[in-house]
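Trainee: Sequence:
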Amino acid sequence: MAPTRPKRDRWLVRTVGPLLAGLGLLLLDEARSTSVSPAAAKAVAGSAVILAGVDMRYGGPGRISRVYLLDAVVEVVLALAWAAARNR
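In my numbering, the protein residues as written are 4 to 91.
Hint data in this document are derived by calculation from the structure and do not stem from the laboratory. Errors might be hidden in some of the hints.
[Said to hold, decoys possible] Distance ranges between label pairs, derived from CB positions:
| hint | residue 1 | residue 2 | range |
| --- | --- | --- | --- |
| 1 | 65 | 42 | 33 to 39 Å |
| 2 | 86 | 37 | 32 to 38 Å |
| 3 | 25 | 86 | 37 to 43 Å |
| 4 | 19 | 80 | 19 to 25 Å |
| 5 | 26 | 70 | 32 to 38 Å |
| 6 | 37 | 8 | 39 to 45 Å |
| 7 | 38 | 14 | 19 to 25 Å |
| 8 | 35 | 15 | 28 to 34 Å |
| 9 | 19 | 64 | 15 to 21 Å |
| 10 | 19 | 86 | 21 to 27 Å |
| 11 | 10 | 73 | 16 to 22 Å |
| 12 | 87 | 9 | 14 to 20 Å |
For every residue, glycine included, the Cβ atom is placed at its ideal position computed from N, Cα and C.
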């Protein structure tokens, strides 16, 4: 939490963290495969777009740390990469 400031609602961190860890496991599993399943590509790209939207909605006005705007850029790039992988 150092770069993004302490959180008042730690339950949110404890909820979102495991959800994102699950997506990370899905990414690792797909990375070992020779092809990307359409369901995995949709799940990962969709999650990245949703997270980017939240980052931009709350990071832009300064309600949360602006470092989340950089995170939004990474998430959009990730979503585009997974969409491209799905189309291969």
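Trainee: Which earlier hints turn out false for this structure, listed by number in ascending order?
Mentor: 2, 3, 5, 7, 12
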